[in-house]
Amino acid sequence: MTEKIETSTAVSEAAYVQDYTLDELMVATLARTIRDGNTVMHGVASMIPVMAIQLAKATHAPDMVCVNLEGVDFRPQRCYLTTEYFALGEGAVQWMSLPRMFEHAQRGRINLGFFSGAQIDRIGNMNTSALGDYQQPSVRLTGGAGQAILAHTVGRIVMWLPRHESRRFPEKVDFVTFPGHHPNVKKRLDKIVTNLAVMGFDQETGYMKLISTHPGVTVEQVQHNTGFELLMPSEVPETELPTVEQVRLLREKIDPEGVRKQGM
Amino acid sequence: MTEKIETSTAVSEAAYVQDYTLDELMVATLARTIRDGNTVMHGVASMIPVMAIQLAKATHAPDMVCVNLEGVDFRPQRCYLTTEYFALGEGAVQWMSLPRMFEHAQRGRINLGFFSGAQIDRIGNMNTSALGDYQQPSVRLTGGAGQAILAHTVGRIVMWLPRHESRRFPEKVDFVTFPGHHPNVKKRLDKIVTNLAVMGFDQETGYMKLISTHPGVTVEQVQHNTGFELLMPSEVPETELPTVEQVRLLREKIDPEGVRKQGM
Amino acid sequence: MNKVLPNLDEAAALVKDGDTITISGAFFEQAPMALIRAIIRRGVKNLKVVVAAHGIAVDILVGANSVRTVTGAYVGFEGYGLAPNFRRAVEEGRLDFQESACFAIASAIRAGALGLPFMPLKGLFGSDLEQVRTEYRTFEWDDEEVLLVPAIKPDVCLVHAHRADAEGNVQTRGSSWDDTLAEAAERIIVTVEEIVSAEEIRRTPEFTKIPGFVTTAVVEAPRGAHPTGCPFEYDFDEAHIKRYLEMGKTADEFQNYLDEYVYGPKTHDDYLLKMGLAVPA
Amino acid sequence: MNKVLPNLDEAAALVKDGDTITISGAFFEQAPMALIRAIIRRGVKNLKVVVAAHGIAVDILVGANSVRTVTGAYVGFEGYGLAPNFRRAVEEGRLDFQESACFAIASAIRAGALGLPFMPLKGLFGSDLEQVRTEYRTFEWDDEEVLLVPAIKPDVCLVHAHRADAEGNVQTRGSSWDDTLAEAAERIIVTVEEIVSAEEIRRTPEFTKIPGFVTTAVVEAPRGAHPTGCPFEYDFDEAHIKRYLEMGKTADEFQNYLDEYVYGPKTHDDYLLKMGLAVPA
Numbered sequence: 001m002t003e004k005i006e007t008s009t010a011v012s013e014a015a016y017v018q019d020y021t022l023d024e025l026m027v028a029t030l031a032r033t034i035r036d037g038n039t040v041m042h043g044v045a046s047m048i049p050v051m052a053i054q055l056a057k058a059t060h061a062p063d064m065v066c067v068n069l070e071g072v073d074f075r076p077q078r079c080y081l082t083t084e085y086f087a088l089g090e091g092a093v094q095w096m097s098l099p100r101m102f103e104h105a106q107r108g109r110i111n112l113g114f115f116s117g118a119q120i121d122r123i124g125n126m127n128t129s130a131l132g133d134y135q136q137p138s139v140r141l142t143g144g145a146g147q148a149i150l151a152h153t154v155g156r157i158v159m160w161l162p163r164h165e166s167r168r169f170p171e172k173v174d175f176v177t178f179p180g181h182h183p184n185v186k187k188r189l190d191k192i193v194t195n196l197a198v199m200g201f202d203q204e205t206g207y208m209k210l211i212s213t214h215p216g217v218t219v220e221q222v223q224h225n226t227g228f229e230l231l232m233p234s235e236v237p238e239t240e241l242p243t244v245e246q247v248r249l250l251r252e253k254i255d256p257e258g259v260r261k262q263g264m
Numbered sequence: 001m002t003e004k005i006e007t008s009t010a011v012s013e014a015a016y017v018q019d020y021t022l023d024e025l026m027v028a029t030l031a032r033t034i035r036d037g038n039t040v041m042h043g044v045a046s047m048i049p050v051m052a053i054q055l056a057k058a059t060h061a062p063d064m065v066c067v068n069l070e071g072v073d074f075r076p077q078r079c080y081l082t083t084e085y086f087a088l089g090e091g092a093v094q095w096m097s098l099p100r101m102f103e104h105a106q107r108g109r110i111n112l113g114f115f116s117g118a119q120i121d122r123i124g125n126m127n128t129s130a131l132g133d134y135q136q137p138s139v140r141l142t143g144g145a146g147q148a149i150l151a152h153t154v155g156r157i158v159m160w161l162p163r164h165e166s167r168r169f170p171e172k173v174d175f176v177t178f179p180g181h182h183p184n185v186k187k188r189l190d191k192i193v194t195n196l197a198v199m200g201f202d203q204e205t206g207y208m209k210l211i212s213t214h215p216g217v218t219v220e221q222v223q224h225n226t227g228f229e230l231l232m233p234s235e236v237p238e239t240e241l242p243t244v245e246q247v248r249l250l251r252e253k254i255d256p257e258g259v260r261k262q263g264m
Numbered sequence: 001m002n003k004v005l006p007n008l009d010e011a012a013a014l015v016k017d018g019d020t021i022t023i024s025g026a027f028f029e030q031a032p033m034a035l036i037r038a039i040i041r042r043g044v045k046n047l048k049v050v051v052a053a054h055g056i057a058v059d060i061l062v063g064a065n066s067v068r069t070v071t072g073a074y075v076g077f078e079g080y081g082l083a084p085n086f087r088r089a090v091e092e093g094r095l096d097f098q099e100s101a102c103f104a105i106a107s108a109i110r111a112g113a114l115g116l117p118f119m120p121l122k123g124l125f126g127s128d129l130e131q132v133r134t135e136y137r138t139f140e141w142d143d144e145e146v147l148l149v150p151a152i153k154p155d156v157c158l159v160h161a162h163r164a165d166a167e168g169n170v171q172t173r174g175s176s177w178d179d180t181l182a183e184a185a186e187r188i189i190v191t192v193e194e195i196v197s198a199e200e201i202r203r204t205p206e207f208t209k210i211p212g213f214v215t216t217a218v219v220e221a222p223r224g225a226h227p228t229g230c231p232f233e234y235d236f237d238e239a240h241i242k243r244y245l246e247m248g249k250t251a252d253e254f255q256n257y258l259d260e261y262v263y264g265p266k267t268h269d270d271y272l273l274k275m276g277l278a279v280p281a
Numbered sequence: 001m002n003k004v005l006p007n008l009d010e011a012a013a014l015v016k017d018g019d020t021i022t023i024s025g026a027f028f029e030q031a032p033m034a035l036i037r038a039i040i041r042r043g044v045k046n047l048k049v050v051v052a053a054h055g056i057a058v059d060i061l062v063g064a065n066s067v068r069t070v071t072g073a074y075v076g077f078e079g080y081g082l083a084p085n086f087r088r089a090v091e092e093g094r095l096d097f098q099e100s101a102c103f104a105i106a107s108a109i110r111a112g113a114l115g116l117p118f119m120p121l122k123g124l125f126g127s128d129l130e131q132v133r134t135e136y137r138t139f140e141w142d143d144e145e146v147l148l149v150p151a152i153k154p155d156v157c158l159v160h161a162h163r164a165d166a167e168g169n170v171q172t173r174g175s176s177w178d179d180t181l182a183e184a185a186e187r188i189i190v191t192v193e194e195i196v197s198a199e200e201i202r203r204t205p206e207f208t209k210i211p212g213f214v215t216t217a218v219v220e221a222p223r224g225a226h227p228t229g230c231p232f233e234y235d236f237d238e239a240h241i242k243r244y245l246e247m248g249k250t251a252d253e254f255q256n257y258l259d260e261y262v263y264g265p266k267t268h269d270d271y272l273l274k275m276g277l278a279v280p281a
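Chains as they are written, first to last, in the working numbering: chain A, 1 to 264; chain B, 1 to 264; chain C, 1 to 281; chain D, 1 to 281.
Incorrect hints may have been included.
Claimed, not checked - Computed list of lysine to any residue pairs in SDA-like fashion (alpha-carbon distance at most 20 Å, straight line):
1. D:153 / C:146
2. B:261 / C:238
3. C:153 / A:107
4. B:191 / B:232
5. D:48 / A:135
6. B:261 / C:80
Just so you know, these hints were derived from the structure itself, not from any lab. Since the model is a prediction, treat every value here as computed from it, not as a measurement.
Could you build all of it, start to finish, from the sequences and the hints given here?
As structure tokens, this is what we get:
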């Protein structure tokens, strides 16, 4: 199955909202990376992408289907601080399982996946394993779940990191849990959405490049909070704002309890 | 899971029946190869073993479980000339599927399987593929379904052949669909039940040996209808007769329509 | 995304000459027979049919000269007899039968469904099938010998199922490995007894076998498995199977079968009417 | 064959020092917590725990010094934080964590369930996990590189499920790969919310995940997943999870947790009473 060509955003005429919060901007920006018709997956502990998926489905991507560890095309009743939980299979058209989701990805049927990590470097390697020496870590993190495999099997990869700080964007990650530099992975890496900016990767060098800065954030601020030199286009636009409709859906329908703030 | 030790038949005190038919003797004899607690499978077009399984479950092996392509521990309402059919999954505790049944066997959880063929030779090779030259056969048979694999993965193998004739018992089969000579298979081969006799295999040589002749059948008749020399024990007993209870169950409960006669 | 096609002809048009196809069901159940009749009517040729064990679904395609090769482990009618067109075509050297064992074929299709180049399995050793299937490789892992069977990724998978919604979420009851068959293939064409609402599917996710993102097209075809049965819905038509086998005895007589039951009724509705199976309007 | 054991202590006695174990469920659902508490009470040591992704089920065993190695891909509490005992044990060099990726572990267990010595998969290349998991082998098939992961055949699989009959036919609702986990293992111990009649199981074969011929023992343990949830039956206990994480912050304080919630209540009934969860008599 070939992916649809990315269409110009359906909200270009819509009224943008000014009183959004940063988590809402991140959710809306991630939602826009989803193309209608995509089959999409998310990892564990992925509250922000789970909301972005619901938001995309409710707006510009009604034919998008999410496949997660619990089910296909879920309709959860509320948001949780866990994203591997049966409630995320509520209303699904089919129950899923951990191996089955990976098998669909390995067969090439998952077009887009959302991943995060504690560190990311200039070639897109991510670390979710351990800080410091791997054998004697200063912080033993959770581990990357399926990242090291899905990096090779999911069609397009969007990363989300709620804390854009230079220690989290080092020249080189302490441990490569998610491989960003591997030839098979490079062309899959699409965007990185943080609390400051949207970045991508130069397809020639594989190096991270700035795409847009969030409203009120300067290019210098982004570079200052990044531990390596970002590739800079000649002009850096501002990240598209959330629309009135996006924010309304998030606040009223998808996440009235405001779990998104804890998901950051 | 270790198999239970074969117990002395529970029907030794029971009254045997005299007015049985040959199909009933075959079903009863096959039923007696099933040990209580066994997990048992059968192939396609296996009407006689399917009845033997039901008969064993209703008599000496209540804790036997049959796993077939349709379900686990079925309770069919009637007998069919097909044994891969949803009606053989009726009343099952779980639905099965073709790959899943083979996987259980490969994991070593199927203790006993029933197989048949158009030809069988002295080392237990069976042919269900083609008569004559394989590339230009005089008769293209059905093929052996899963035999070539299950020969290696099912714990114990009982063969059933309703027509004991020398052309069906050649020195060497035209094509080895089911391997009887392979080192992994030899020790799995248990019994062969035909319309004339019960045979087994000598564990040293792998050659077929006579175990018992059916009532009214002489050793000479069996040898005459076998295309190679059978190993002969010094004494050949008569095959145990069906009991009154076995025949009653077959006629009244399991197969009142008499499908067993067409299954031969 | 709406996956519903209005009729079997449009579904059959998704099958091209020379395609590798797999087929749901077994001898007497859940074979997509209405779709297969539509494919034969379109005159599709040179199909490469891959099945573990099947009966009429393969035999009728062979008898209609739609098939170049069959890969399979059992083609027959169980207690009813051998497959007449299949055996005739093999015996006359007109059909290339790539014989294997059920689980080897299922494993090859599983590899296709998993996006892997091969699957390992135990068995086949000592059988002459090992000599015939030269594409299988033996492999040693520590001291254990296994067989590696290369993946099969069919162009098309034909499925008959109980029901689906418009988005192609397909449900079945009973035993089946339609999920694996479907996931291995590039184009998945599903006929169903009934198209139901998405809400109905969401009420019973435990029955969903093929999710919509895998399915290519869905067509409603009540009694679409006839003369095979549909698990827990209707039985196979034993009288018709016997008639098929009788008329299959010679190639000439089988042409009459095709004329009467395949080419004669131009649509599935015509077929149902002819067979006295039409659902009352 | 009757597989029912009268209580969790007899079930826990099937787990031996040094066993390799797998555990059903995930972070906040379907973890066999009542059984795990019984295992801890028995003082079982040196377990080798194999999980894809888990939380409290692994962390509590580590905190109770019952574990020698953990093989896993994610141990944590998602949005609630890191796994306190697990991270402390790794950071202090007391626990051997064999880190991998979910699907690699699931594939190793799948190989065990299939009776195969290994499974192939795509991925891991370019990750430092490839360097750490030296038992994985790369393999070329034609021009395609795959990873071969050796089979894992656990001694024991611990499962919590919705219901079972006395013969050990186990049913669940929702997502799970308990079938694979169970089939890979030698001994399969299942706790269920409710033991039901065989007739009830036969009415709903679509929910049966583990057949009786695979199951070793069944124990009825209502609310046996607490403080995790049971899909579509009851939610996880968020307040208790937070208390667990709070008391897990230091090793000393965690000892108080164990005293209060694991060693204190001598039986599952005592635990339910203490937690205000006892089913009315």
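Structure-based check of each hint:
Straight-line distance between C-alpha atoms of residue 153 of chain D and residue 146 of chain C comes to about 17 Å, which keeps the hinted pair within the 20 Å bound. Among the hinted pairs, residue 261 of chain B with residue 238 of chain C is consistent with the structure: their alpha-carbon atoms are about 17 Å apart, no more than 20 Å. Distance restraint check for residue 153 of chain C and residue 107 of chain A: the Cα-Cα separation of roughly 10 Å lies within the 20 Å cut-off, and the hinted pair is therefore satisfied. Among the hinted pairs, residue 191 of chain B with residue 232 of chain B is consistent with the structure: their alpha-carbon atoms are about 15 Å apart, no more than 20 Å.
With a C-alpha separation of about 19 Å, the suggested pair residue 48 of chain D and residue 135 of chain A falls inside the 20 Å cut-off, and the hint holds. Among the hinted pairs, residue 261 of chain B with residue 80 of chain C is consistent with the structure: their alpha-carbon atoms are about 13 Å apart, no more than 20 Å.
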